[in-house]
Structure formats: C-alpha cells, structure tokens
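Q: These are the residues of each chain, in order.
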Amino acid sequence: MTIELVIGAIKAVVIVLLVLGLTTLMLWFERKGSALIQDRIGANRADVLGLGKRFGLPNFGVINTVLADPIKMFTKEDFVPDGADRFLHGLAPFLALFPIIITFAVAPMGDILRIGKYEIDLQPANLDVAALYVLATIGIGVYGVALGGWASNNRWALLGGIRASAQMISYEIAMSLAIIAVVVTYGTLDLQQMCRAQGGVWFGFLPRWGILLQPVSFLLLLISGMAESKRVPFDLPESESELVAGYFTEYSGGKQAVFMMTDFAEVLLVAVLITVFFFGGWQAPWLYRDGFHFPGGASWPLPNLAIAILQFAAFWIKVIIFSCLQILIRWTLPRLRYDQLMRLGWKGLVPLGLLNLVATAFVVVAAGGK
Amino acid sequence: MPQWLFAFLAALAIIGALGTILQRNLIHCVLGFALVLIDLGVLFMGLGAVTVGFLQIIVYVGAIMVLFLFVIWLLNVQADTGVRGGASLGLKLLGAIAAAALAAELFVIFSHAPKLREVRTIAPSFGSVATLAHVLFSRYLIAFETTSLLLLASIVGAVALARRLAGQSAAIAALPPRSSARAAEARREVA
Amino acid sequence: MTPIIDYMALSAVLFAIGVIGVLIRRNVIVMFLAIELMLNAVNLAFVALGRRIGSMDGQVIVFFVMTVAAAEAAVGLAIIISMFRNRETVNADELNLLRW
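Just so you know, the protein sequences line up as chains W, L and G, in that order. Each residue of the first sequence is one higher than the one before, counting from 154 in my numbering. Each residue of the second sequence is one higher than the one before, counting from -5 in my numbering. Each residue of the third sequence is one higher than the one before, counting from 599 in my numbering.
Wrong hints could be hidden among the right ones.
[What the hints assert, rightly or not] Straight-line alpha carbon distances no greater than 20 Å define the calculated SDA-like cross-link-like pairs of lysine to any residue that follow:
1) L/K86 with G/E670
2) L/K109 with G/F682
3) W/K185 with W/G195
4) L/K109 with G/P601
5) W/K164 with W/N307
6) W/K500 with L/L145
7) L/K109 with G/A607
[As the list claims (entries may be wrong)] Each pair of labels, with its calculated beta carbon distance range:
8) L/L(-1) with W/I160: 18 to 28 Å
9) W/R198 with G/M681: 41 to 51 Å
10) G/M681 with W/I194: 52 to 62 Å
11) L/E139 with W/G407: 45 to 55 Å
12) W/L189 with G/V663: 47 to 57 Å
Don't read these hints as lab results, they were simulated from the structure. Backbone N, C-alpha and C define an ideal beta-carbon position, used for all residues, glycine too.
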C-alpha cells in the first residue's frame, strides 16, 4: 500500500516537472524559432557573470529563457487595478493553469514497467474514462480566462475574456466530436488502451497509428486544439492590435507569467492528445513488448527496462514535435477575423466533425465492431 | 467514499449553495453554483455514477454556467441589493423558515427508512459508459431520441427570443424606459 | 462507506437552500440559479437511490434532467435577455405588467 502511494507520488511529480520543463523549452523554441522565421537573431544577450563569453560559448538565449525572464517576471510588481475584484483577479490565472496541468495525469507515457515484483503503469492515473476526463478539465479551463478578463475591471480585458470564452466553447464542440470519433474507432475511452491498440503493423511495415484511420479527426483536433490554446491564427482573445493584450491586459509579474505558462501548457496538452489519439502514443515503430521486430524479419530483443525507456522517449519526442509544429504554424499564418473564426468553427468544423462521426460509426458497425 | 471525504464534499456543497443565493454580485453567485456542480459531479463519481459525474462537469460547468456568465456580461447587470430589497425582511424570514421546515420534514422521513442505512456493494461496471449506453439505447431509446428534438426546439426558441430584428432595436431605443431601476427608485422615494 | 441516508440528507439541505433562494432573492438570474440548484439536489437523490437499489434508471433520469436543464437554460436566458431589453430590469418585482 505504502509503496504504491510512493510510486503514484513519483509519477505525479515526474509528469508535473516534465510539463513545466517542457513549457520552458517551448518558450525558448518560440523565441528562437520566431527569430529564425522572421530573419532576426532573437534572444542572445543574457549571461551568468560573463562566464559564457569568457569561455567563448555560443549564446542561444537559453539563459534568457530559463533564468533571466522568470526572475524578472516574478520580481516585478504584482499590480492590481483599482476597482478590480481582488480575490478573483488573484485566483483567475491559477484557475486557468490548474485544469490544464491536471489533464496531464492521464497522459500515457509508456506501457508497463517491471521493477522487481512491481508492475508500474507509466500512465500517472489509470482512468478508464480518461477521454471524458480530458473533455471535463478542458471545459473547466474556460473559467480562468473569462474571470481574469472580468475581474480586471477593464473594458479591453472584459472583451478579451468574453471572446476567449466564446471561442473556447465553440471549438470545444469540434474538439469533442473529433475525440468521440476516435473513441468510437477504438471502442474505448481509456487512453492507455488506445495506445495499445495502435501497436503492430499493417502490410508488414506500416505502424498501425490512428492517423491512418482518422485523418479528418486529426485535422479537426489540430485546428480546434490551436483555437483552444488561443494562439495565432486564433488569438482573437488577446489580439494585441485591438485589445491591448485581451484578458491579461491588467496582469503583471508572476500572475501574467502563469497565464503565459497556461498558453504553453495548452500547446503541450494538444500535442499530447494528438500523439495519443493519432500517432500511437508511446508506440515506437516496430517496437514490441520483447524488443524490435523490423520489417523483413530482423529482430532485436531488449529487456523490459530498455523498452520502457524507449517508449517514454518516443512519447515525449512526438509531443515535442507536435508542440513545435503548432509554434511554427503560429508564426507562419496570419490571423483570422472574429466572424471568420466563428464561421470556421460553427459552419466548418462542427458539421465536418458530425459527418466524420457518422461515417466512422457506419464503418465500425459494417466492420463488425461491438 | 470514505466518511471524511463525504463530509468535506458535503460541507463544500452547502457553502457553495449558500454562496449562490446570498452573494450580491451575480458573477460570484454563478461561481458558487459552479462549485456546487463540480462538487456534485465528484459525489456522483463516488456513488459509482462515473459517466454521469463527468457529464455533469462537461455539460453543466463547461457549458451552461459559461452561458450564465455570458448573459450577465451581455446585460451588464450590476450587483443588486442581495437579500435586502423587495418584499419585507419578515416575509423572507418566514419563507426561509418554511423551507427549513421542509428540509426537516425530509430528514424525518428519511430517518424512518431503515433500508437507506444499509451499505450495498455494486458491480464494477455499474455506472460505466457501456452500462449507461446500454440502458439509454434500449429501454429509454424513444425518450433519448425525443431529447434531441427538445434540444433542437430549444435552440430555435432561444435564437428566436434573443434575436433582435432589423429596425427593432431602433424602435426600442426610441421608447421611453418604462421601468428602469432608477425610475423605480424615484417612485419609491415619492411614495 | 457513507450510507445512502447521508446523501439524501445533503440532497434535502441543498433543495431547501434552493427554495430559500427563490423566496428571498428578487433577481431573476439568481432565482434561475436557485431553481437549477433544486434540480441538482434532486439529481443527487436520484443517483443515491439508484445506487441503493442497484439500478441504472436513476442515472438515466439524471442524464435526461441534465439535457432538459441545458434546454431550459438556453430558453430561460433568452427570455431574460429579451425581458431586459424591453423593461431594462432583471428584478422580478418590477416585472409586474400582468399583475392585478
């Protein structure tokens, strides 16, 4: 009993630290990546005691991102505007971050790891209705943004908050439809089971990943996920040119950093969902429970520990790839207008998702599913 | 569900419910109610109704309560008088006592039902998505399909009610405000 | 394990709070919230009793109540909007045109 609690606690700590660490990595990638896209140099100044310069190390702006900026953010004055709802103004950023962070509890980071007599499931919380859990936590995530906008006692912020909540509710529907189609395909709501179902190969070489079964759902989830994370091309809630900074106009210092972190955590969350639903989760190509079986007959047996590490690495590499993809899209595409955003959501994605769901259901029944 | 967890959740639900009806700021009322809803969702899960618990959070907290927030912002309703204002405080006290008596009566009735004290174990599949879906799509199929009609009708109704026809807004703006809050206050002062 | 009677007691308390809310508040939106609170108190009783007799019917009814509540919220809030548009108030005492 005790040892299980300890294992659970370790899994929880690992996932939270990984998510927070990866948000920082994404922040760094966003800065240098955007600089690359726009033909700038990007962050390259901050240094610790001039050490990097003395030893002639190239400066990639890592210290800017992981050290200088957080220190600057958290030591700034925490300003609360006059007439604001102080309690909600303080609560809102955490109300936004918390649901996103707890969603990672169902991220399957690998299959079963055996240490001695213990079998450790590398999914932090093994929930058999995990897909519903994801939808529920994403649904609660609307509150932080909406209340942050309202509690600031500022017109720009309120407009941003209203836009954000309208946008998130609208795109949640398309997102739910995409997820439901995947659930119907695999016949389970358990993310770990979905990953297991994506093991093996088709035609001897093609990994059985969900993207080949549900390409439309993948597009829906990618688009609606980007809209959920409120980033360009869907950044109407914070559109800098019209609304100052939208719902976090009146936030400064640490609380603003929390809102920013929420954005990147959402990017990661969307990447995790895409990985789990469409790219095999922790499945590495041709890696089975006993080692690699390459197409053509060659095989390479591996111990359980090595396989667990490979799966863990495969999962997070895929997540990083899809997070970076979202950031690239952000810095490449122009922004939508608000009416275009709503039209795309309600007249484009929702009907497409419904059609996809009906088609999926027909195929599953015709194929003799349960 | 262990007793201490239930006690905590029950206390939270009652605090949230009291917050819903006693606070002056409407946004705070809605948040109090959202707290109650999340809390009840967790209680449902503790009772084995996992699917319904999650649906409660997705539908109620994620959609309906946000709709309430929207409407409050849209109407720009300011904080109102809270429990004061309107009918006399004595009448309200009487109403509250009557409602408390209702609760007390329910307590008495429940305490005479000995079977409510027994603890019964349930199958692990109880309340799962598959079980719920099986019942929904067999015994309650017609009711389920009717629900979709109801939702469609309510969407059409809501749009028809809330929509402002062309020219209507100008006509309304031209009308003298019949009973704005300020006018009501003025009336009260005159009286 | 918590006996079902505790859930029923909580349900009764929440229902009574909902009734009090409708009686003492004059703001239509808060009255609406109080009604939703009563619906949810009854939902809790349904789920608890359904668990007691080991039947899924309680949960199915809760599912339907939720759907109806969603429909009700949409139409009810639309009514409140059009009411506010015409009378510029959400105070139930001032909506007295049909009062005798």
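Q: Does each hint hold? Answer for all of them.
A: Against the structure, the hints:
Between L/K86 and G/E670 the CA atoms are separated by roughly 27 Å; this puts the pair beyond 20 Å, and the hint is violated. The suggested pairing of L/K109 with G/F682 is violated, with an alpha-carbon distance near 49 Å, which exceeds 20 Å. Between W/K185 and W/G195, the direct Cα distance comes to roughly 6 Å. Compliance with the 20 Å bound is thereby established for this hinted pair. Among the hinted pairs, L/K109 with G/P601 is consistent with the structure: their alpha-carbon atoms are about 10 Å apart, no more than 20 Å.
Between W/K164 and W/N307 the CA atoms are separated by roughly 41 Å; this puts the pair beyond 20 Å, and the hint is violated. At most 20 Å may separate the alpha-carbon atoms for a hinted pair to count; W/K500 and L/L145 meet this at roughly 19 Å. Between the alpha carbons of L/K109 and G/A607 the distance comes to roughly 14 Å, so the proposed pair stays at or under 20 Å and holds. Against the hinted window of 18 to 28 Å, the Cβ-Cβ separation of L/L(-1) and W/I160 comes to about 22 Å, which satisfies the hint.
For W/R198 paired with G/M681, a C-beta distance near 59 Å fails the hint of 41 to 51 Å. For the hinted restraint 52 to 62 Å between G/M681 and W/I194, the CB-CB distance of approximately 59 Å keeps it satisfied. Taken as a hint, the range 45 to 55 Å holds for the pair L/E139 and W/G407, whose Cβ atoms sit roughly 51 Å apart. The hinted range of 47 to 57 Å is satisfied by W/L189 and G/V663, whose Cβ atoms lie roughly 54 Å apart.
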